[in-house]
Amino acid sequence: MIPSPQEVTQLLVDWSNGDEQALEKLLPLVNSELRRLASHYMRRESPGHTLQTSALVNEAYLRLIDQQQVRWQNRAHFFGIAAQLMRRILIDHARRHHYAKRGGGAPQVSLDETAVVSQERAAELIAVHEALEQLATFDPRKSRIVELRFFGGLNLDETAEVMELSPRTVQREWRAAKAWLYRMLSPEENHAT
Amino acid sequence: MQPERWGQIDRLFQAALELRPEERTAFLEQACAGDAELRREVELLLASDARAESFIEAPALQLAAPLLVGQDRPSLIGQAISHYQILSRLGAGGMGEVYLAQDTRLGRKVALKLLPAQFTTDADRLHRFEQEARAASALNHPNIITIFEIGQAGSTHYIVTEFIDGQTLRQQMKSARMGLSLALEVAAQATSALEAAHAAGIMHRDIKPENIMRRRDGLVKVLDFGLAKLIERQAVGVDTGAPTAANLRTEPGTVMGTAHYMSPEQAKGTEVDAHSDLFSLGIVLYEMVAGRKPFAGDTLSHVIVSILEQEPPLLAHYAPEAPAELERIVKKALVKDREARYQTARDLLLDLKELKQELEARAPRQIQPPRPIPSAASVAGEIRKHNLGFAVGLSVLLLAAIGLGDWFFASRASHSAPIESIAVLPFQNASGNAEVEYLSDGMSYSSTACHNCPSYRSKRAVPCFATKVKTWSHNKWDRNCPSKQF
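One line per chain: the protein sequences are A and B, in this order. Under our numbering, think of the first position of the first sequence as 7, with each following residue one higher. Under our numbering, think of the first position of the second sequence as 111, with each following residue one higher.
The following block holds chain A by itself, in its conformation from the complex (with noise of 0.2 Å):
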C-alpha cells in the first residue's frame, strides 16, 4: 500500500526528530521512487540533458511529500533532511554494488563492462560522501552546501533559500568545497591536510 503524501512527511519529520523506525518505513517508498527517476534519466540520458536533473527531483518531492503540510519555515529544514536521506540511499546503493562486486575474496569471473562502469560509478559516491565526511569537521558549512546540492539535487539558488545565504555565497562556498573533494580524489595529488 502507498502512505499518502501527509504521511510519507510525517515519516519524515519523525525521522527528522530522531525517530529511526520512521526511516525503516520511509527507505523503501522513497528507494521507488529514485528508481524510477533513475530510469528516467537512463531512458532519456545523453548530453544537454543533465539540466533538468534539479527539475526531476524537485518531481520526486513533489511527488512524496505533502507541501501543504511542510510549512515554508519548515522547508529549509525539510529539504536538508530530505538531501540527508538522498545521501543515505544513494550511499547505501553504492555501497551494496560496490561490496557485492568485489567482496568476498570471489574470484571476478565475470567482470563485464556494465560491472566496470556502475563500479566505478560506486567507488566515485563512495568517495565523495567520504571525504565529505571529513570536510564537515572542519568545514560543515561547505560540507552542507555539499550535501544539498550534490545528494538533495537542489539547485543554487534552492540551496541558498535553504541555507539562508545569499546565492554568491553559496557560490563561493560551492567552488571551494569542490576544489578541496577534487584534491582529495585525485590520486596523484599529495592529500596533505
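Treat the hints loosely; a few may be bogus.
As the list claims (entries may be wrong) - Here are some chain B residues pointing at chain A (derived, C-beta under 8 Å):
hint, residue
1, M111
2, Q112
3, D120
4, F123
5, Q124
6, R161
7, A162
8, F165
9, I166
10, A174
11, L465
12, L469
Claimed, not checked - With the Cβ distance kept under 10 Å, some of the chain B side facing chain A (calculated, not the full set):
hint, residue
13, I119
14, L155
15, A168
16, L177
17, P252
18, D461
Honestly, the hints are just simulated from the structure, not real lab data. Since the structure is predicted, the reported quantities are computational estimates derived from the model, not experimental observations. Note that CB positions come from ideal geometry on N, CA and C, so glycine has one too.
With chain A held as given, fit chain B onto it using these hints.
Frame of chain A; chain B shown alone:
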C-alpha cells in the same frame, strides 16, 4: 585540518580567484609571507579548481542511476508488442533486454530484443544501425542467428530473431571449464560465421562469450551482428561503430560493449576492421581453454592497458593439456599489430580445423566430456543440493569409470555429511572392445550395491537403459530421460 588554518587557505583561495591567473603568483607570495606550506595548499586548491569544472555538478542521483535501475523494472511478461506475445525474459545484455516471445501470426517461438531508448533517439544513428541490421539479416549461414524482423511499436524499437534453445558461452563457461576439443569446435564454428560475414563486408565488432550461443544439439550461433553499430558516436572519418574505450568512458550510463574483448584498435578508438573480430575471437578461444581472460584488470583502465601493452600468459600455464599448436594459433590471433595477426577468418578457421583433426587422430577414441570429471566432493555437494531429482550427465570414459568405486568411498571417507541419494547413469563402453562391454553394465550395478554406504538410496536409470547412446551428453540425457523419471 584545523578550521582556522582552513579559513586562512579558503580566504586566500577566494582572493586569488578574483585576480587574473598571471597576478596570482605575486599575490600569494606576498600574502603568504614566507609560509611555504600555506602557499602550497592554496596553489593546490587553485589547480584543482581549474580542473574541477564539471566535477559533482551533476547530482549524485544521476551518477547512481545505473546502480538503481535494473532492479524492480516493470515486467513486460504477458504483454504484447506488435504481434509478439512476451512469454519470459531470457536475459539482458548491453544492447537491451531479450525476451522469449510467441509470434502469434506464424505460431512460432522467437527471441525479441528491445533496444534501449537512449540508443534509438538519434534518428541518424538508428538509420545506420538499421542498414547494418538489414545487411546482417541477408547473411544466410548456419552459424549466424537469423534475423526475422526489425520493427517499431510506439517508441520501442525491437529486433526479432530465431529463438536459440541453448546457452551462451558465458553460461557454459560458468558451469564448467570447456574441454579442449569442445573449445576448438566452438571456435571453429564461430570463425566460420565470421568468415561468411566478413565476405559480405559485415563486421561483428562485439565478439564476446555473451554473443556466442551453443544450441543443445551442438550448433554454434553468433548473435548480434552489427548491433554494436548502435553505439556509434558522431565522429568524422573514422568508423567507430564498435565499442571503444572513449565510448565506455564518456557515454553516460553506458551499458554496452565489453572492454575485456576489445581489440587494441578498439581500445584506442581507431578504425576497426575484420582483424578486430579475429582478435576478440582469439580472446574468447583463450578464455574457453584457459578458464580465464587473457587481459585482466580490476578496472576498465587496467583492462585497456593490458590489451594495449601486455602479452597474455601462456595457455599452458592454466591448461597444461593445451598443445603447442594451439598456443601458436592463439598467439597469432592476439598479436597487437593487426598486420601481423591472422589476415582472414579463413586462415584462422583452417588452422583450427587442422589442429582439431590432428588431436582427433592422436586420440581416436577419446571423447571430450562436456563437463570435467567432477571431484567426489563436488558431486556429493550437487547431489545434496538437488536431492533426488539430480541427473548426473556424464560422458564417462571407461578408465574413469573403473575408478568410480574408489571415488564414492573416498567421498564417504572425506565427507562427513551423508549422501542421501545418487543417480547412476548407464556407462558407455568407449573402448570399442566388445569383450569389455559387460563392464559398462556391471559398473552401474556394482555402484548401486554399495555395502559400505548403507544410508544412501540409489536408483539406476533403468528406463533409459535402452537409450544408451554413442556420446552420452547432458542434453541427450535431459531429453531422453527427464529427471522426473526418477
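Evaluated hints:
Evaluation of the B/M111 hint against chain A yields a held restraint, the C-beta minimum of about 5 Å falling below 8 Å. Of the supplied interface hints, the one on B/Q112 holds, with its beta-carbon coming within about 7 Å of a beta-carbon of chain A, less than 8 Å. Taken as an interface hint, B/D120 checks out: its beta carbon lies about 5 Å from the nearest beta carbon of chain A, inside 8 Å. With a cut of 8 Å, the hint placing B/F123 at the interface with chain A holds, because the nearest CB-to-CB distance is about 6 Å.
Proximity of B/Q124 to chain A holds as hinted, the smallest CB-CB distance being about 6 Å (cut-off 8 Å). At a threshold of 8 Å, the smallest CB-CB gap from B/R161 to chain A is about 7 Å, leaving the interface hint in force. Using the Cβ-Cβ criterion of 8 Å, the hint placing B/A162 at the interface with chain A is satisfied: the shortest such distance is roughly 4 Å. Because the beta carbon of B/F165 sits about 5 Å from the nearest beta carbon in chain A, less than 8 Å, this interface hint is met.
The beta carbon of B/I166 is positioned within 8 Å of a beta carbon in chain A (closest approach about 5 Å), and the interface hint is therefore held. For B/A174, the suggested interface contact is upheld, since its CB lies about 5 Å from the closest CB of chain A, less than 8 Å. A least Cβ separation of about 27 Å between B/L465 and chain A goes past the 8 Å threshold, and the interface hint is therefore violated. Of the supplied interface hints, the one on B/L469 is violated, with its beta-carbon coming no nearer than about 27 Å to a beta-carbon of chain A, more than 8 Å.
Given hint, B/I119 at the interface with chain A, holds; its Cβ is 9 Å from that chain's nearest Cβ, closer than 10 Å. Among the interface hints, the one on B/L155 holds; its C-beta lies about 5 Å from the nearest C-beta in chain A, closer than the 10 Å criterion. Contact between B/A168 and chain A, as hinted, is supported at the beta carbon level, the nearest pair being about 5 Å apart and thus within 10 Å. Given hint, B/L177 at the interface with chain A, holds; its Cβ is 5 Å from that chain's nearest Cβ, closer than 10 Å.
The interface hint given for B/P252 is broken, as the beta carbon of that residue sits about 28 Å from the closest beta carbon of chain A, more than 10 Å. At its closest, the beta carbon of B/D461 sits 28 Å from a beta carbon of chain A; the interface hint therefore is violated under the 10 Å criterion.
Violated hints, in rising order: 11, 12, 17 and 18; the structure is consistent with all others.
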